[in-house]
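Protein chains: 2
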Amino acid sequence: MQELKDRIVNEGKVLPGNIIKLDGFLNHKVDCQFLSRVADAFAEIFDIDNVDILLTAEASGIALTSICATKWGIPMIYAKKAKSDNIEGGLYQSEIYSYTYKKHVTQIVSKEWLTEGQHVLIIDDFMANGEAVRGLCDIVEQAGGILEGVGIAVEKGFQGGGDRLRDLGYNYHALAVIEEATPDHITFRE
Amino acid sequence: MQELKDRIVNEGKVLPGNIIKLDGFLNHKVDCQFLSRVADAFAEIFDIDNVDILLTAEASGIALTSICATKWGIPMIYAKKAKSDNIEGGLYQSEIYSYTYKKHVTQIVSKEWLTEGQHVLIIDDFMANGEAVRGLCDIVEQAGGILEGVGIAVEKGFQGGGDRLRDLGYNYHALAVIEEATPDHITFRE
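Line by line, the protein sequences are chains B and G. As numbered in the numbering used here, residues 233 to 422 make up the first sequence, in order. As numbered in the numbering used here, residues 233 to 422 make up the second sequence, in order.
One thing to keep in mind: the hints can contain errors.
Which copy is meant is left open, because identical chains are indistinguishable; a pair holds if it fits in one copy or across any two.
As the list claims (entries may be wrong) - Straight-line Cα separation of at most 27 Å, DSSO-like style, residue types lysine-lysine; simulated pairs:
#1 LYS261 to LYS343
#2 LYS245 to LYS261
#3 LYS237 to LYS335
#4 LYS303 to LYS334
#5 LYS261 to LYS237
#6 LYS335 to LYS303
It is worth saying that the hints were derived from the structure and are not from the lab.
This is chain B alone, in the form it adopts within the complex:
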């Protein structure tokens, strides 16, 4: 998606540790009109008519996925981190390692809302090592759901998460795959 690549180049900042900061339009301040066009780009790739529910991970996947869900007229679920008071028993759980927070995190989804035979499309804003999406795929499998695909806005190609899903034969697509990022320049995979 050219507009996404342009915004990454023009507005992204590369910090030490290969951190690519897109917090001016993607995951802190959010340009929702732009995300609406990102949703349109996903709709050209995936067979949305065949999707029952969208699944994402809190927190940064929620904005993009809500906008997709609104446009496409289907519900969404976001996996929560850790256990809060207002989620009782009956949970699918997956342990992942968060490189952002440098700790293990448990993703949880209520069994009440993700059920066997549902066609699930996973959407997320960012793919680095792929831990969050690995956990979501695991949850879909626990639920007996049918994974229709995984759509990512920005993939850090050099961290391998996307390639692992491609190698495993997933219907995986990222709209911008960053091949190299330094403070001076960002290049994309063709």
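Keeping the supplied structure of chain B fixed, place chain G upon it in accordance with the hints.
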């Protein structure tokens, strides 16, 4: 908002500790078409043309606020919890107590995105004791922003957070104010 009240009565569950679970349409599985109508209800109350930016708190406020931002054509910011690697210096911070997680949490917003003189509307899905919104108001004040109002979908009226804002003279509105909640019945404030 009658449709919201109806869904609370029909789909909400009251758990011990006055927890009202609306996770089938509001904050785990999310009915985004419904939240689009919630956005319309806010637009009848607030002067949206006079709002530069929406502010909410991660994670549960993000879905509703993204949908509002998309419909109204304005950007949103969500305050993050704690410090992650990809937010560097230059932050507004506010300490709040999370009753959900039973611990103190630091809300952070980058100074880059919330700036002096901006007209800010705070949106959130839930108001109980009001800690999250108190933190957001504090951040708007730190930024020198102009708080245009606070819009909440569901207020737990018996926990006092909404009344404190009303008493302080804020342009505060909740679309459904729950006066009493037991496992058997939920009543609303008129």
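Consistency of the hints with the structure:
no.: 1; hint: LYS261 to LYS343; result: between (32 Å within a copy, 11 Å between copies)
no.: 2; hint: LYS245 to LYS261; result: within (14 Å within a copy, 33 Å between copies)
no.: 3; hint: LYS237 to LYS335; result: neither (30 Å within a copy, 39 Å between copies)
no.: 4; hint: LYS303 to LYS334; result: neither (34 Å within a copy, 36 Å between copies)
no.: 5; hint: LYS261 to LYS237; result: within (18 Å within a copy, 31 Å between copies)
no.: 6; hint: LYS335 to LYS303; result: neither (34 Å within a copy, 36 Å between copies)
Checked against the numbered hints listed earlier, the structure breaks hints 3, 4, 6; every other hint is satisfied.
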